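Student: As a plain string of letters, each chain reads:
Number of protein chains: 2
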Amino acid sequence: MYRVNEDYLKLPGSYLFSTIGKKSRAFKEAHPEADVISLGIGDVTQPLVPAIIKALHEAVDDMSRAETFHGYSPDLGYSWLRETIAKNDYADRGCSISPDEIFISDGAKCDSGNIQELFAADSRIAVCDPVYPVYVDSNVMAGRTGSYDPETGCWSDVIYMPCTEENGFVADLPKERPDLIYLCFPNNPTGVAIKKDQLQKWVDYALENGCVIIYDAAYEAYISEEDVPHSIYECAGAKECAIEIRSFSKNAGFTGVRLGYTVVPKALKCGGASLRDMWARRHGTKYNGAPYMIQRAGEACYTEEGRASIRGLVDYYMENAATIYDGLKGMGYTVYGGVNSPYIWLKTTGGMTSWEFFDYLLKNAGVVGTPGSGFGPNGEGFFRLTAFGTHENTQAALKRIAAL
Amino acid sequence: MYRVNEDYLKLPGSYLFSTIGKKSRAFKEAHPEADVISLGIGDVTQPLVPAIIKALHEAVDDMSRAETFHGYSPDLGYSWLRETIAKNDYADRGCSISPDEIFISDGAKCDSGNIQELFAADSRIAVCDPVYPVYVDSNVMAGRTGSYDPETGCWSDVIYMPCTEENGFVADLPKERPDLIYLCFPNNPTGVAIKKDQLQKWVDYALENGCVIIYDAAYEAYISEEDVPHSIYECAGAKECAIEIRSFSKNAGFTGVRLGYTVVPKALKCGGASLRDMWARRHGTKYNGAPYMIQRAGEACYTEEGRASIRGLVDYYMENAATIYDGLKGMGYTVYGGVNSPYIWLKTTGGMTSWEFFDYLLKNAGVVGTPGSGFGPNGEGFFRLTAFGTHENTQAALKRIAAL
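Order-wise, the sequence lines are chains A and B. Going by my numbering, 433 is the number at position 288 of the first sequence; the sequence numbering is gapless. Going by my numbering, 299 is the number at position 154 of the second sequence; the sequence numbering is gapless.
Isolated chain A, as found in the complex (with noise of 0.2 Å):
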């Protein structure tokens, strides 16, 4: 009889957000009349900006003639989008990275999860806490994190890396070496950013200790501090140690329409091995590229006229950050967050759990969140509200909030 990866059953529960969207649903089922306004899960709510609507239709009718229909897209990407991305987001930056160190896929949720692939079986992976779960659940797929303890939430074999109010939610060093250090900043679920001279510290401990550091930078468009950097490469010697992850989910509303990238620099070597030879593999032989059509809506975000719209997208959701970070501080509540990221993370109240706070704002306020235990142990007592709703749908919860 063959045998199932027995991995994949040490896995807790389901996947947080799928298990938000269910309790949702089971809610709104109960109480048809209500109207339940979600901050939880950071899905976007503004239509595409113009030039991007004009891209895929231009892209569209490409298809539709048999002189300018594309098939299967090169493995990499599409050059002109990935010499595009190589100036606007790295050389104007100051940082040199060549388009063929540039991978475009359909998502920085896919790249997060299946990097670990490149790695030995063993390797220890160290984390943030709280943080994104697919890093972690990535891994216990994989076999690498040892044994599950419901009473701490914890992993035997994956190094915790507490982020904590008393460290600006920060987090230090490792005091055991890990062999993949899994970064994000500006934060999820935090909203907290990280300063250049605090990730210089990371990669110099990385080179310093021959690790790689898997750096997500899905919320860099959120960054407004002139001492944040927008990526990993800005600091010196990360070539030799760090790959990024990109998403259009954040800036150009690309949740529904799945784009990414990721960057793994030729100068990352182990021994012999080229990580960046040994991903070229993985998309050679178990993806088939992004859509013809998506890639030229990822190229439309650097024109003149696509930039322009998607900073008035990030502007619009950073004012509903600043309204329920300030309505909540007027409030009483502790908040973080916001400032150079669409996620605020508010402690919960009346020494609630972090899944009672959301059941209480659910059934009291109908206002969906997410509870800050689902992105690890340290999130315990704290609750991320995201800033991609509508400003009416912000403003009305914040309303209910208020008089709860």
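No lab work stands behind these hints: they were computed from the structure. There may be inaccurate statements among the hints.
One copy or two, either will do: identical chains are not told apart, so a pair holds if it fits within one copy or between any two.
Unchecked claim - Lysine to aspartate or glutamate pairs mimicking EDC-like chemistry, simulated, CA-CA at most 16 Å apart: (1) Lys199 / Glu444; (2) Lys155 / Asp422; (3) Lys173 / Asp504; (4) Lys232 / Asp245; (5) Lys474 / Glu228; (6) Lys414 / Asp342; (7) Lys320 / Asp349; (8) Lys167 / Asp302; (9) Lys155 / Asp294; (10) Lys544 / Glu296; (11) Lys346 / Asp372; (12) Lys492 / Asp504; (13) Lys544 / Glu178; (14) Lys168 / Asp180; (15) Lys167 / Asp245; (16) Lys232 / Glu449; (17) Lys199 / Glu321; (18) Lys320 / Asp460; (19) Lys155 / Asp302; (20) Lys414 / Glu151; (21) Lys173 / Glu449; (22) Lys340 / Asp372.
Here the structure is a predicted model, which means the values were calculated and not measured.
We have chain A; now place chain B onto it with these hints.
Tutor: For chain B alone, coordinates are given in the frame of chain A:
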């Protein structure tokens, strides 16, 4: 120092179609005057049909308005698409597959490569030889295949099931018991189909021996004969032992659009573990859904107009298949496939190896095909041509081959 996944480094050379692409580009650069015709990689050439173009434009417009904008799609895909598939591809053929056993993805290649994750690390895999390289390569990357013998082109721990002229390119049941059996019918690369009573024997074998069949039915639309099953679920008991992978690439021309789906029946259980639930967990954790616009394009494939146009596309390519098959036969080549499949499988001449024949055809006729040995040791001495060119190119290629 961190270490990489050494299994990746075992892969000889690069992914087959990447190598062919590189060789073709090198030839074109050296001979800019040459008008190279590609009948190599199975990429389509005809534009998307009007019903799909219309659906795409409408979906783009949906994304331009807040009221109809779509963010993250449901983990398994939109229910309207899964319900349409359940009805048209299964219920209408007498197979009872429920929409929540259908998982929408960005294509059959990803699913073919990722499905092995559900199984134990030491699972034994059996593949037809020759076969689409993704099945073996993805298992190499997962460490299941042992060591590679460059002499024989074989992996020590893979069970190869020869598909030869003697057995009509339908493999005999394996002598050793595998855990996973990859079957692809109509077959890539041989173009040969399997009859229903033959496939039933495989299902019976899997049930008796505790195996799972991964059934790749990407070429189902090309079936023209009556007694050839379109789905493995036409066989009794298949829901207890088989996963089926489907593609929109080859029927609707979605190679650059990216859409596919995989069926994991609820009846497929190993002890207490439901493979359907495990695949759902993978979708939830490492994937973020196919784009809304492209799921709408998939839906349009099933409308009356969409079906008629797609039938026209398939007929167009099958005319090419007949052109190639009859043309080569007339020249004295030994040829197979082409009846229930867009692939023609021919024997090389003059004692040439597959790669020698590739170079010979490229150099002397400016025609790119795929060397049979790229699909496995038993592909040596064979060569694959695809029917996915235009009529004009296909006829021109045949004329050039005739003139050799």
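Student: None of the hints should be skipped; say for each whether it holds.
Tutor: Each hint tested on the structure:
For the identical chains of this complex, Lys199 and Glu444 are intra-copy neighbours only, at 12 Å inside a copy versus 23 Å across copies, given an alpha-carbon limit of 16 Å. Taking identical chains as interchangeable, the C-alpha atoms of Lys155 and Asp422 lie at most 16 Å apart only when they sit on different chains, with a minimum of 13 Å there against 32 Å within one chain. Proximity of Lys173 and Asp504 under a CA criterion of 16 Å is satisfied intra-copy only: 13 Å inside one chain copy versus 64 Å between copies. In this assembly of identical chains, the alpha carbons of Lys232 and Asp245 lie at most 16 Å apart only when taken from the same copy (12 Å versus 44 Å across copies).
Proximity of Lys474 to Glu228 under the C-alpha cut-off of 16 Å is found in neither arrangement, the shortest distances being 44 Å within a copy and 47 Å between copies. Proximity of Lys414 to Asp342 under the C-alpha cut-off of 16 Å is found in neither arrangement, the shortest distances being 25 Å within a copy and 52 Å between copies. Taking the closest pair of Cα atoms, Lys320 and Asp349 come within 16 Å of each other only inside a single copy of the chain (15 Å); across copies the shortest separation is 55 Å, beyond that limit. Taking the closest pair of Cα atoms, Lys167 and Asp302 never come within 16 Å of each other, the shortest separation being 30 Å inside a single copy and 42 Å across copies.
When the C-alpha separation of Lys155 and Asp294 is checked against a cutoff of 16 Å, the pair qualifies only within one copy, where the shortest distance is 10 Å, while the shortest distance between copies is 36 Å. Proximity of Lys544 to Glu296 under the C-alpha cut-off of 16 Å is found in neither arrangement, the shortest distances being 36 Å within a copy and 73 Å between copies. For the homomeric pair Lys346 and Asp372, the shortest alpha-carbon distance inside one copy (15 Å) is at most 16 Å, but the shortest distance between copies (67 Å) is not. In this assembly of identical chains, Lys492 and Asp504 lie within 16 Å of each other by CA distance solely inside one copy; the values are 15 Å within and 67 Å between copies.
Proximity of Lys544 to Glu178 under the C-alpha cut-off of 16 Å is found in neither arrangement, the shortest distances being 19 Å within a copy and 71 Å between copies. Taking CA atoms no more than 16 Å apart as the test, Lys168 paired with Asp180 passes inside one copy only; the shortest distance there is 15 Å, against 60 Å between copies. Only between protomers do Lys167 and Asp245 lie at most 16 Å apart by alpha-carbon distance; the minimum there is 15 Å, versus 41 Å within a single protomer. In this assembly of identical chains, the alpha carbons of Lys232 and Glu449 lie at most 16 Å apart only when taken from the same copy (14 Å versus 46 Å across copies).
For a Cα distance limit of 16 Å, the shortest separation of Lys199 from Glu321 qualifies neither inside one copy, at 51 Å, nor across copies, at 57 Å. When the C-alpha separation of Lys320 and Asp460 is checked against a cutoff of 16 Å, the pair qualifies neither within a copy, at 39 Å, nor between copies, at 65 Å. In this assembly of identical chains, Lys155 and Asp302 lie within 16 Å of each other by CA distance solely inside one copy; the values are 13 Å within and 27 Å between copies. Proximity of Lys414 to Glu151 under the C-alpha cut-off of 16 Å is restricted to the inter-copy arrangement: shortest distance 13 Å between copies versus 32 Å within a copy.
In this assembly of identical chains, the alpha carbons of Lys173 and Glu449 never lie at most 16 Å apart, being 42 Å within a copy and 36 Å across copies at closest. In the homo-oligomer, the alpha carbons of Lys340 and Asp372 lie at most 16 Å apart inside one protomer (6 Å), although the nearest pairing across protomers, at 67 Å, exceeds that limit.
Comparing the model with each numbered hint stated earlier shows that hints 5, 6, 8, 10, 13, 17, 18 and 21 do not hold.
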